[in-house]
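Chain by chain, the residues run as shown.
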Amino acid sequence: MTAAAFCPMTPLLFRHLSGGADAAGDLRAAAVAAVHDATDGAEAVTVLVPVDGREAPAAWWDPSGRVAGGRPLGSQVGEHLLELAGCTLPATYVACPGPVESRLAGVESRPADVESRLADVESRLAGASPIREAQLNEPGTALLVLGDGAACRRDGAPGYIDDRSFAYDDAVAAALGSGDTGALAGLDEALGAELLATGRLTWPVAAAVLAPVSAELRYRDDPYGLSWFVALWR
Amino acid sequence: MLRLGRHEFDDAAMLVMAIVNRTRDSFYDRGATYAEDAALDRVRRVVDEGAAIVDVGGVKAGPGDAVDETEEIRRTVGFVARVREEFPDLVISVDTWRASVGREVCAAGADLMNDAWGGHDPGLIEVAAEFGAAYVCTHTNGAEPRRPPHRASYADVVRSAIDDTVALAERAVAVGVPRESVLIDPAHDFEKTTWHSLEITRRLDEMVATGWPVLVSLSNKDFVGEALDLPTDRRLTGTLAATAVSAWHGARVYRAHEVVETKQVLDMVAAIRGDRPPARATRALA
Numbered sequence: 001m002t003a004a005a006f007c008p009m010t011p012l013l014f015r016h017l018s019g020g021a022d023a024a025g026d027l028r029a030a031a032v033a034a035v036h037d038a039t040d041g042a043e044a045v046t047v048l049v050p051v052d053g054r055e056a057p058a059a060w061w062d063p064s065g066r067v068a069g070g071r072p073l074g075s076q077v078g079e080h081l082l083e084l085a086g087c088t089l090p091a092t093y094v095a096c097p098g099p100v101e102s103r104l105a106g107v108e109s110r111p112a113d114v115e116s117r118l119a120d121v122e123s124r125l126a127g128a129s130p131i132r133e134a135q136l137n138e139p140g141t142a143l144l145v146l147g148d149g150a151a152c153r154r155d156g157a158p159g160y161i162d163d164r165s166f167a168y169d170d171a172v173a174a175a176l177g178s179g180d181t182g183a184l185a186g187l188d189e190a191l192g193a194e195l196l197a198t199g200r201l202t203w204p205v206a207a208a209v210l211a212p213v214s215a216e217l218r219y220r221d222d223p224y225g226l227s228w229f230v231a232l233w234r
Numbered sequence: 001m002l003r004l005g006r007h008e009f010d011d012a013a014m015l016v017m018a019i020v021n022r023t024r025d026s027f028y029d030r031g032a033t034y035a036e037d038a039a040l041d042r043v044r045r046v047v048d049e050g051a052a053i054v055d056v057g058g059v060k061a062g063p064g065d066a067v068d069e070t071e072e073i074r075r076t077v078g079f080v081a082r083v084r085e086e087f088p089d090l091v092i093s094v095d096t097w098r099a100s101v102g103r104e105v106c107a108a109g110a111d112l113m114n115d116a117w118g119g120h121d122p123g124l125i126e127v128a129a130e131f132g133a134a135y136v137c138t139h140t141n142g143a144e145p146r147r148p149p150h151r152a153s154y155a156d157v158v159r160s161a162i163d164d165t166v167a168l169a170e171r172a173v174a175v176g177v178p179r180e181s182v183l184i185d186p187a188h189d190f191e192k193t194t195w196h197s198l199e200i201t202r203r204l205d206e207m208v209a210t211g212w213p214v215l216v217s218l219s220n221k222d223f224v225g226e227a228l229d230l231p232t233d234r235r236l237t238g239t240l241a242a243t244a245v246s247a248w249h250g251a252r253v254y255r256a257h258e259v260v261e262t263k264q265v266l267d268m269v270a271a272i273r274g275d276r277p278p279a280r281a282t283r284a285l286a
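Residue numbers (UniProt numbering), protein chains in the order written: chain U, 1 to 234; chain V, 1 to 286.
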C-alpha cells in the first residue's frame with residue numbers, strides 16, 4: 001500500500017446538490033487534495049465504501065435525475081472524488097456492509113463499469129468469499145477510505161444530540177492524525193452505529209491493512225452536526 | 001364531496017387547516033400557544049380569519065421534548081373538548097400518530113386524525129373508522145416518528161409518495177373509514193431533501209390525479225427556507241408561492257400558520273381557475 005486518503009461521503013461533495021451556495025467547498029478542496037496526494041505515483045486504487053443503514057444507503061438516488069444510477073452513496077462519492085482529483089487509475093470498489101470480520105466482499109472493476117460491479121458485490125454479499133488482506137494490500141495500490149464521524153452533535157443533526165459523539169469523534173481524530181491503527185481498529189462498532197458514524201464500517205478495514213509511517217489530519221469540522229474528517233496516511 | 005367527521009364540503013372547496021400547537025418547542029411558534037388559554041385564543045382568531053379546520057398538536061414533529069402518551073393526552077384531550085363546545089361548526093383535527101391518543105380525542109369531539117407519521121401505529125386507522133373520523137395518509141417512507149431525515153433516497157419521490165399514500169388510503173377504506181373521509185399528504189420535508197419537496201410540489205398534479213383529496217403542509221418549512229435562504233420567520237412569501245402552485249395543481253387542504261394570507265392566495269387561485277367569481281368586479285364595466 002502506497003498511501004491512503006480518508007474522506008467523508010456526504011452528498012454535499014457533489015457541488016450541485018447544495019444549490020446556489022457551495023455548502024462544502026473547503027471540505028471538497030481538502031478531500032480532493034488528499035485523494036490526489038494518496039494516488040499520486042500509485043498504480044491502482046482501492047475504494048472502501050460503507051454500505052449499511054440509512055446513513056450509508058446502498059441505494060442512493062438523486063431527485064430529478066441530477067445524478068444517474070442507483071449505486072451506493074459512498075461509491076458515487078468515491079468515484080466523484082477520484083474524478084475531481086484527476087485520477088484515472090484502475091479502481092476497485094469494496095463494499096463494507098457491516099462487522100468487518102464476517103461480511104467483507106469485493107471485486108475488481110474500473111470506474112466505467114462500477115455500477116454493474118457493485119451490483120455484483122451486493123448480490124454476492126451473503127455468501128461471498130471473504131476478501132483477503134493481500135487483495136487490499138497490493139504494493140502500488142492507494143486506498144481511498146470513505147466514511148463520516150458521528151452524526152449526533154447538535155439539534156438539527158441527522159441523529160439529534162448524543163453526547164457520546166464528542167468523545168467518539170475526538171478518538172477518531174486522534175487516531176487519524178497520528179496513524180494509530182490500533183485505536184482506529186478498536187473503535188466501538190455498536191456505539192458507532194448508534195451515532196450513525198459511517199466510518200465505523202471502513203476505518204477498521206483500513207487499519208487492518210495499513211502501517212503508516214506518517215499521518216496527517218487535514219480537515220475536521222461538523223457544520224451540520226455530523227463530523228467530517230480528511231486525513232492522509234503514507 | 002369531502003366529509004370531515006360531522007362536516008361536509010363540496011369538491012371545489014379549498015380549505016385552510018390552521019396549526020394550533022400545544023407544544024413548547026415546535027419549530028415556528030416556539031411554544032406561543034402551549035398554554036391552553038393561549039391555544040384557545042389562537043383558535044378563536046383563526047376561525048375569525050376563515051380557517052375551516054384547526055389541527056391540534058401535542059408533540060413537535062422533529063426531535064425535542066419527550067412527550068409520552070399520558071402527556072400528549074393531557075395536552076390535547078381537554079383542549080379538544082373545549083374547542084368542540086365553543087365551535088360546533090369547526091372541523092377539529094388532531095396531529096398524532098398514537099391510536100391511544102386518537103381514541104381519547106375522538107371521544108372528546110375530534111373529526112379528523114392527521115396521522116403525520118404515515119400509519120406508524122396501525123391502530124389509529126381503526127380508531128378513525130370506529131368513530132367515523134376522517135384520516136390523513138401521510139408519506140414518510142417508513143420513517144420512525146420524530147426522526148430527522150438523513151440522506152433520504154428515492155428512485156422517484158413522487159411515485160413513492162403516491163404508492164405509499166394510496167396504499168394507506170385503501171387500507172383505511174378497507175378498515176372502515178368512509179372513502180369520502182380519506183385524504184393523502186405527500187408530507188413535504190418528511191424524509192425528504194429540499195430537492196424532493198420541490199419536485200413533489202412541481203408534480204403535485206400527479207398526486208391529485210389519483211382522485212384522493214390532497215392535503216399539503218407547506219407552511220414555513222425548511223424546503224422553503226433552503227430554496228430562498230431564509231430563516232423560519234421570513235418564509236411566508238415562499239410558503240404562499242408554494243401554496244399557489246399547489247392550489248393550481250388541485251390540492252384541497254392547506255395546513256398553515258398564517259390563515260389570512262393563505263386564504264387570500266387560495267381565493268385568488270380559485271378566481272384564476274374560474275372556480276370562484278371575483279368578490280367585486282366593476283372595472284371597465286360601468
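Hints are not guaranteed to be accurate.
To be verified - Only part of the chain V face toward chain U is listed, based on derived beta-carbon distances under 7 Å: (1) Pro63; (2) Thr70; (3) Ser100; (4) Pro148; (5) Arg151.
FYI, nobody ran anything at the bench for these hints, they're computed from the structure.
Predicted, not measured: the structure shown is a model, and the values here were computed from it.
Note that the Cβ used here is the ideal one computed from N, Cα and C, for glycine as well.
Evaluated hints:
no.: 1; hint: Pro63; verdict: holds, 4 Å
no.: 2; hint: Thr70; verdict: violated, 22 Å
no.: 3; hint: Ser100; verdict: violated, 24 Å
no.: 4; hint: Pro148; verdict: holds, 6 Å
no.: 5; hint: Arg151; verdict: holds, 6 Å
Hint compliance for this structure: hints 2, 3 are broken, all remaining hints hold.
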